[in-house]
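> Okay, here's what each chain looks like letter by letter:
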Amino acid sequence: MKTQTPSISEPSPSTGSRWKRDAFRLLIACLLCLLVPPLVLQGDPDVPNETEGDERIGAGESIKVSKVIADLRAAQPDYVGIGNSMLYTRLGKSPDQMSALSGRKFSLISRGGSNVTVWYLVLKNLVVASGIRPEAVFLFVRDDELTAPYFAKNEATAAAYLRSLRSADEPVLDKFMGINNDASSAASQADQWLTQVYSFDEWQEYLSRRLMGVAMEMGGFGTPLKAQRFALSARFGLDHLRGNLAADENAAPALGQISGGFQQTLEASLLPDMLRLSAECGAKLVVFRVKRRPDAKTHLPNEPSAMPAYADFLKKWLEARGGLFFDETYDTSIRLSDYLDLDHIRPERMEWYQQYFWERMKGVLP
Amino acid sequence: MIFQSIDYLVFFICTFALYWQLPRRGQHALLLVAGYVFYGYVHPWYCILLGATTLVDFTFTRLMEDKPDKKRVWLMCILVSNFSILAAFKYFGFFTENLIALLQVLGWDVPIPVVQMLLPAGVSFYTFQSCSYAVDVYRGKTWARRSLLDYAVYVAFFPQLVAGPIERAGHLLVQFENPRRFHFGVARDALFLILWGLVKKRVIADTAAVYCNKAFSLSDGTFPIVWAGVLCFCVQIYADFSAYTDIARGSARLLGFELCQNFNHPWLAQSPADFWRRWHMSLSAWFRDYVFIPLGGSRGSELRIARNLMLTFLLSGLWHGAGWNFVIWGGWWGLLLVLWRALDRWLPGFTQGKGAGLALLRWGVTFVLVNIGWLMFREQSFPDLMRQLMTSPFHVPADDWRIGSFFVSLMVIYSLPLWIHAFLQKPLLDSWETWRDTRAGFALQLAAAVALSLTFFTLSSRVTSDFIYFQF
Chain A
59 MKTQTPSISE PSPSTGSRWK RDAFRLLIAC LLCLLVPPLV LQGDPDVPNE TEGDERIGAG
119 ESIKVSKVIA DLRAAQPDYV GIGNSMLYTR LGKSPDQMSA LSGRKFSLIS RGGSNVTVWY
179 LVLKNLVVAS GIRPEAVFLF VRDDELTAPY FAKNEATAAA YLRSLRSADE PVLDKFMGIN
239 NDASSAASQA DQWLTQVYSF DEWQEYLSRR LMGVAMEMGG FGTPLKAQRF ALSARFGLDH
299 LRGNLAADEN AAPALGQISG GFQQTLEASL LPDMLRLSAE CGAKLVVFRV KRRPDAKTHL
359 PNEPSAMPAY ADFLKKWLEA RGGLFFDETY DTSIRLSDYL DLDHIRPERM EWYQQYFWER
419 MKGVLP
Chain V
7 MIFQSIDYLV FFICTFALYW QLPRRGQHAL LLVAGYVFYG YVHPWYCILL GATTLVDFTF
67 TRLMEDKPDK KRVWLMCILV SNFSILAAFK YFGFFTENLI ALLQVLGWDV PIPVVQMLLP
127 AGVSFYTFQS CSYAVDVYRG KTWARRSLLD YAVYVAFFPQ LVAGPIERAG HLLVQFENPR
187 RFHFGVARDA LFLILWGLVK KRVIADTAAV YCNKAFSLSD GTFPIVWAGV LCFCVQIYAD
247 FSAYTDIARG SARLLGFELC QNFNHPWLAQ SPADFWRRWH MSLSAWFRDY VFIPLGGSRG
307 SELRIARNLM LTFLLSGLWH GAGWNFVIWG GWWGLLLVLW RALDRWLPGF TQGKGAGLAL
367 LRWGVTFVLV NIGWLMFREQ SFPDLMRQLM TSPFHVPADD WRIGSFFVSL MVIYSLPLWI
427 HAFLQKPLLD SWETWRDTRA GFALQLAAAV ALSLTFFTLS SRVTSDFIYF QF
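Chains as they are written, first to last, in our numbering: chain A, 59 to 424; chain V, 7 to 478.
In short, the hints are calculated from the structure, not lab data.
The structure presented is a predicted model; accordingly, all values stated were derived computationally and were not measured.
Check the hints yourself; a few may be wrong.
Unchecked claim - Each computed DSS-like pair below joins lysine-lysine, with the alpha-carbon atoms no more than 27 angstroms apart:
no.	chain 1	residue 1	chain 2	residue 2
1	A	LYS342	A	LYS122
2	A	LYS355	V	LYS77
3	V	LYS220	A	LYS284
4	A	LYS284	A	LYS163
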């Protein structure tokens, strides 16, 4: 309880039993404040369907690894697509349309809000672990998010999702994410222990979403929550932002922070291991850079000045190692009117996009 | 170093553990070292500035007593040196930019280099604190200290060094000169205050900041979104700044010091003057004592009082930042105080009338006026400020009303603890002294602390930012 000011001269020196009582009370209060949260908030919040059909990975959401592996084994796809909403808003959540259009078997493993750490684990612990032999594995990415450590570390929401995908030992991923698993020092052990005990990412995500939901119900005048979320996302899209902010938002976040050059960035990323993993299952790794929301007049997106040089370097680097790089960014046939919100393609333009994709890829894919 | 970091936690635990093992002079030496470590943690060169301010002010205040015939000269030396630091680091870029613009309007294209210097955190706070000491010595309200250590630690006392409260020698410096004892009951209250401050910062202010930034990021914000954004800022700035004060006061209490109160539920204000008696009280008192009263205060004709008020608040605006929006904000407050004084004479029934209805009306009017002021404070682009002030509530898309309404609802939910605290103050907290040590008092405090702890761990915003007042 917040108190009125106790004056400095006021507290008489605590003596004897009162001193002990006050000290005991302080100790109890501190212990309870520190111990109650981890005791009460054990496990993840029980909200398995909370984010069903939602855009992004939700709090506490996990992936059913065995089911996906069984599905992959049953499908034996020629091509496997991995990505986030960039993938499913372009090619669809189900592979049926792409399979029908191309006459080849597609499997699409996408989850909104996922990032390169998830994609790496999907490739390693689902695609390779399933034992299938696809001809190509393609990744749908924006700008430099495949190699940007900022982008990978900044996604706390996907903690449970990542955990469900991880195997016991993931040294490559941990190194990339800057996780120090050197448990030799007492400090690092204490740090790991504290992180483990006081990490409530799922609860934070769950409760903040609940409060957002309550606020939307209070302020939405009966409008369904999904429609409100959609309106919110569209209203704060790039075309409504102040010029400087739109440029910032649209910029590849880590590109400006590269100090050691592109070579060092690529070598330090998960990409070398992803190439190795693809080769392990006999597939070519294809990186597909999607076009971000373009400007209405130029039909080109804003991008950092270093981005074309980075893309060019990535293409050469990948091709020199048996991979492929395809970039649709500068294709002006993809217009602003094809976009729904942010960098997502309108559902009614998805069929057109699927054809666009296949036209460009059928000659390139093995 | 920022309060809501692990670094501060470790730093404070180490300082605290050592502090109570030492005799008084040792404690002061430790606090001085801790103050400089705290201040120079990110930019060590900041310490040079802090040390220079301390040495100059200490030397010249001693000269005021040793050579009183030149008292005024020594005071001027202190004021010039302190305000030169502020002018150089805070206002130089602003004034040269405006000078260049003015000269260009007059047709002279003078190539004056615009130098933007990194503003040392908290420079406005400790400069004002040091100036107040010098003026008090000059006025004979306090005496020039003979101990450089006591004075240096008073200026560099880390809990309030970067964002106040702006202390006076008569309140804080005397505490350094008196013995201190550790008291478990006070420590319990101090820890509670720190926890409450952390919740206000990480849960309320940082969440409000996300939505405020969203609203202010739009180039085409409509009436409901702009004003919902302003409301978010109103919640953010109060939770943020009062959180800093709470953590500062809690940290100081653990070391045996009592810092002055800086906030008294400003949202409950029923007039502009009432707001400034409740908001950033240490700064308001500083401007009252060292600017408004020397200008003549409330004596003289109404015109003269109006001039004094306008000048005081324009300077207060400029103190907050080197930008025209802050000057406009200061002018807005000066104008409101002048107009409210006029209203006091013309409509005393409204400004002084009893009754819940009138009080509610006064509160509503004040709350709206405060928020118009926050728009001026938050929006740093003059064209955008004008556009936002001119937004019309008519012909707004329904989605924008829903978004504005969602932001407002969210702020109502997140600011609920602040309202509860405000309304509990009178019946519960004012008499806390008498029942803090009872079983019921302990149980209540414990339950509240555990609830705050749970709130902190589960509702802290993912995105955190510096305290807003660090930039001043």
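> Would you check the hint for LYS355 of chain A and LYS77 of chain V, treating anything up to 27 angstroms between C-alpha atoms as holding?
violated (69 angstroms)
> Would the pair LYS342 of chain A and LYS122 of chain A pass a check requiring their Cα atoms to be no farther apart than 27 angstroms?
Roughly 26 angstroms separates the two Cα atoms, so the pair holds.
> Would the pair LYS284 of chain A and LYS163 of chain A pass a check requiring their Cα atoms to be no farther apart than 27 angstroms?
Violated - the C-alpha atoms of LYS163 of chain A and LYS284 of chain A are around 33 angstroms apart, more than 27 angstroms.
> For the pair we were handed, LYS220 of chain V and LYS284 of chain A, check the Cα-Cα distance against 27 angstroms.
holds (19 angstroms)
When held up to the earlier numbered hints, the structure conflicts with 2, 4 and fits the remainder.
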